[in-house]
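A.B. asks: Now for the letters of each chain:
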Amino acid sequence: MITSSVAELSRSLLARRLSSIELTGSLLDRIETANPTLNAFLTIDREGAMSQAKAADARIAAGTASPLTGIPLAHKDVIMTEGLRTTCGSRMLENFVAPYSAFVAERLARAGMVTVGKTNMDEFAMGSSNENSYFGPVRNPWNTTCVAGGSSGGSAAAVAARLVPAATGTDTGGSIRQPAALSGVCGLKPTYGVCSRYGLVALASSLDTPGVFGQTAEDCALLLNAMAGHDARDSTSLDRPAEDYARQLSENAGAKPLAGVRVGLPREYFGAGAEPDIVDAIETAIAGFRSLGATTVEVSLPNVDHSLPVYYVISPAEASSNLARFDGVRYGHRAAKYDDLTDMYKKTRAEGFGAEVKRRILIGTYVLSHGYYDAYYLKAQQVRRLIADDFRKAYQRCDVIVGPTSPTTAFCIGDNIDDPLKMYLNDIFTIASNLTGTPAISIPCGFDGKGLPIGLQIQGNAFAEAQILNVAHRYQQTTDWHRRVPAGFAP
Amino acid sequence: MALSVDDVQRAAHLARIEITAAEAFDVQNKLEGVFRLIERMRAVDTTGIVPMSHAQDVMLPLREDHMSESDPHKRDLYQRNAPAVEDGLYLVPKVIE
Amino acid sequence: MKWEVVVGIETHTQLSTASKIFSSASTAFGAVPNSHASAVDIALPGVLPVLNKGAVERAIRFGLAVGGTINRRSVFARKNYFYPDLPKGYQISQYEIPVVQGGSIAIVSPTRGAFRVALTRAHLEEDAGKSLHEAFDSPGGLGRGMTGIDFNRAGTPLLEIVSEPDLRSSEEAVAYAKTLHSLVKWIGICDGNMQEGSFRCDANVSVRLAGDAKLGTRCEIKNLNSFRFMQQAIEFEVRRQIELIEDGGTMVQETRLYDPDRNETRSMRSKEDAQDYRYFPDPDLPPLVIDGTWIEQVRAEMPELPESMAHRFVGDYGVPITDAVQLTASREIARYFESTVQAPVGVHLSGKTAANWILGEITARLNRDGIEIEQAPVRPHEFAQLLARFQDNTIAGSIAKAVLDRMWNSEIGGEADAIIAAKGLRQISDSGAIEKLVDDVLAANPAIVAEYQAGKAKAFNSLVGKAMAATKGKANPAQVNAILKRKLAG
Ligand SMILES: [Mg+2]
Ligand SMILES: [Zn+2]
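Residue numbers (this note's numbering), protein chains in the order written: chain C, 1 to 491; chain P, 1001 to 1097; chain U, 2001 to 2490.
Hints were generated in silico from the structure; no laboratory data involved.
Be aware that one or more of the hints could be misleading.
[As the list claims (entries may be wrong)] Below, a list of computed lysine-lysine pairs in the DSSO-like style, where the Cα atoms sit at most 30 Å apart:
id, chain 1, residue 1, chain 2, residue 2
1, U, K2466, U, K2423
2, C, K54, P, K1074
3, C, K450, P, K1094
4, U, K2130, P, K1094
5, C, K422, P, K1074
[Said to hold, decoys possible] Stretches of chain U that chain C covers, calculated by requiring three or more beta carbons in the stretch to come under 8 Å of a beta carbon on chain C:
id, region
6, 2034-2048
7, 2072-2084
Each residue gets a CB set at the ideal place from its N, CA and C atoms; glycine is no exception.
Just chain C, same shape as in the assembly (with noise of 0.2 Å):
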């Protein structure tokens, strides 16, 4: 029951072979029991949960129940969760209790999911370890020397432990994927726009983007039906008809359910410093797409290279703004001494926000400040033209863009941390989709010679989030990646 996907659990539940309060119940106890070493969850609602859970399974049995009820969920700390405590991995919001529900949150628990807690996080989804939260460092359930990931680690190890069967997370520079790829789990970053940013605590608003995490392709389906859709509280939000992101998933497509799928190879994501193990295990899935009808096609993103560098200009301009209201005034940390009103803001950000939060805040003050604007800021929006056109181009020739996740598989705890640079590197991959807002997944795809999981990625057109999932789904179909549960936290 324990390592048991979304979809099954919902037939278990729906069935009522189960209920959800003995679900709920019995991965609150996995959670208090596996936290003190994985450092996962920074808040455990067990009361709420409890009462979420028995709401659900009233709801099943008035008949009244979505695919989602009684599934219990846990929130990456960035979104806000009405009565919880919301700190984005901060001491700046340390005691800060969010009085409002975020927009996926919203709709999650009006599907019924029950919100078991908040998932540990990189300070304001800066990182891609989870080295720089303010509550230490997520472990990784394959090996708790490792890191999880980053920034979402917490909601991808608790996922990959099996402490809840679906988590939510954010996506501004591979902060879903990248964790989902080093903790081996899958992890989806849903189209720009597509679900609404309204209650996540910004990081950088034009590449932000709420997704999920599950064990399986069709979980994560599962849970953006619920999670897509128009929000009027949020500008950039997109006011499209519903689409059933699993619809592809139950089509009968017989041996060559692949068959007629264009997977585009980038030249620019092989030999691209991907370790050997990462790169062997990339091209048996690939051969695996194409003994399910697939054809593959080599395209060619010559401005992809700059993608780093892109990011690294208008993330943090964004951010620098992004992060002024946090100023001591109305919410959050405040500095105990101060002498007057410049020096209060000053110590209060140089103590509320950790190393990297202060360097991310810098180089956008920085690139955006006088003289400079047109140099960084708007050079990098212009080359993020060039590298969105360059994958329009490429799509195409193909339907989807298959390559590596991450360069490398978990790291140690503290082996990248002085060195920003390296730090930046992990997301080599991940970041294009950001800059041009469209969907992705990871999913598990092999474990390398540590027995570390090897992440896949898998990345379409803007709204093609039926068509990745379908692929990722058809893999998981012939494949057992995503089954396997890290040694320590088999049931």
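Following the hints, put chains P and U with the ligands in place on chain C, whose structure we already have.
C.D. replies: Showing chains P and U with the ligands alone in chain C's frame:
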């Protein structure tokens, strides 16, 4: 156009973050590699390329001018997270104009 | 004149929407602190701005009224700086592409006559909250020596209207500000309440030697919340700048604050501190697109504008242009005038007379009572009847003024004809009666007659006065004059 320690100090002041000389040096040092990549990006020819500010090419939606009832309850809820409040006002060190 | 004054004005016009520019909280003035401060207005983490259509519609209305260009695509940008009343740490404003560009406003300068002041732009932005400095001096209170922040005003929609530096004196600056003030009220985009901060001006002031093509270094004087302060502040600033330059000093571009108590401007060092606003397009707000259909719809609903109405008053009613400009200072005055001259009172009322009386007698009474013309106790059709009796010589001007007073003060709103009849105020125009009256006056005042004959012209007026007094003002003054003159020449 490499990032200098002075640039870091100036940015820290603009961003209202207290920073020591040693910290500024450390930031400059740690960001050298990133700025090298950024310099390479700056060499890309972008003549005539329209900057991309948004991930989707959409128009700004507009809200009808309707006022929602103000809820006095909300003020107390919001101010529960405030560091210093008196008589419903947020308190800050004296502002001198 | 050696020095030339150059002034440009930036005006923050509070738009008269029910809700804020990016949130649905109320814009009402004077509420309990922070009770109109929504999650968006206090910038809770995770909340996002959504633009108010009503604010955009008002900006379009303004653009059309001044003949500016309505940009089909404009961009909201973030202006980043730290200040306690600025909740997000940035103000959402428009920078590179504003909603309105260009246009002009016709003003009448006391020295240069009528001309058009060019506008640079008008852009939409949000207001900040309010800092209350004096609220916390209660001994032992938690907030002692602190400043309290009220975010009720945060997010109120503003249209910042920027003029070109076309103004050449403090009087011209005030004429511009007054014209703009009446225009924004006229087109219904702003209530114009200066005490409540609905219309706030900043003046950019510089001086240069007459004939110089290059502009001098300017200072921006902030927060001019009355026309009188604007005039005084500019005059002080001009004197300060001239003295500084003549003494060999160098002007520094800076922001200054006008202190009305001391009638001086002083540097605002706090606002000067490292100004680098780091503008960039707000990623939360895609471009604002305004299509032609919307613009045409707004145009169709526009009222007749003061300028064209003033010209119509000249053409249709023979009103002198200077009067017509004053009559179109507000829609209410213009409506009062036009309702008066069009009232069905049997005679064709002279527009010139009506204008005279409205700008003179009516305005004086409004000012005395501190009320607006729409509250005038004498309504246009009643006033028209009074003017008709004056015009057809039923009553003299002085009597008409007395009747107006009775009408003004009457609780029931008296009718001019009824008052004239009841009080026997009809003018005496019977020449026989006036002959007799003049004879009586001459007979009773031989000393004055003698003075007149000795060459003292003033004595004539004195005799007219006696005649008028004898009839309690009812004698036709023109007839009295003529007959008296004839008899004295006799
Ligand atoms: Mg200004
Ligand atoms: Zn402004």
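A.B. asks: None of the hints should be skipped; say for each whether it holds.
C.D. replies: How the hints compare with the structure:
As the CA atoms of U/K2466 and U/K2423 are separated by approximately 21 Å, the hinted pair is consistent with the 30 Å bound. Between C/K54 and P/K1074 the alpha-carbon distance is near 29 Å, which keeps this suggested pair within the 30 Å criterion. Taking the CA atoms of C/K450 and P/K1094, the gap is about 59 Å. The hint is violated against a cut of 30 Å. For the hint pairing U/K2130 with P/K1094, the CA-to-CA distance comes to about 13 Å; that is within 30 Å, so the pair holds.
As the CA atoms of C/K422 and P/K1074 are separated by approximately 45 Å, the hinted pair breaks the 30 Å bound. Here the region 2034-2048 of chain U counts 8 residues with a CB under 8 Å from a CB of chain C, which clears the bar of 3, and the coverage holds. For the region 2072-2084 of chain U, the proposed coverage by chain C is satisfied: 4 residues have a C-beta within less than 8 Å of a C-beta in that chain, meeting the threshold of three.
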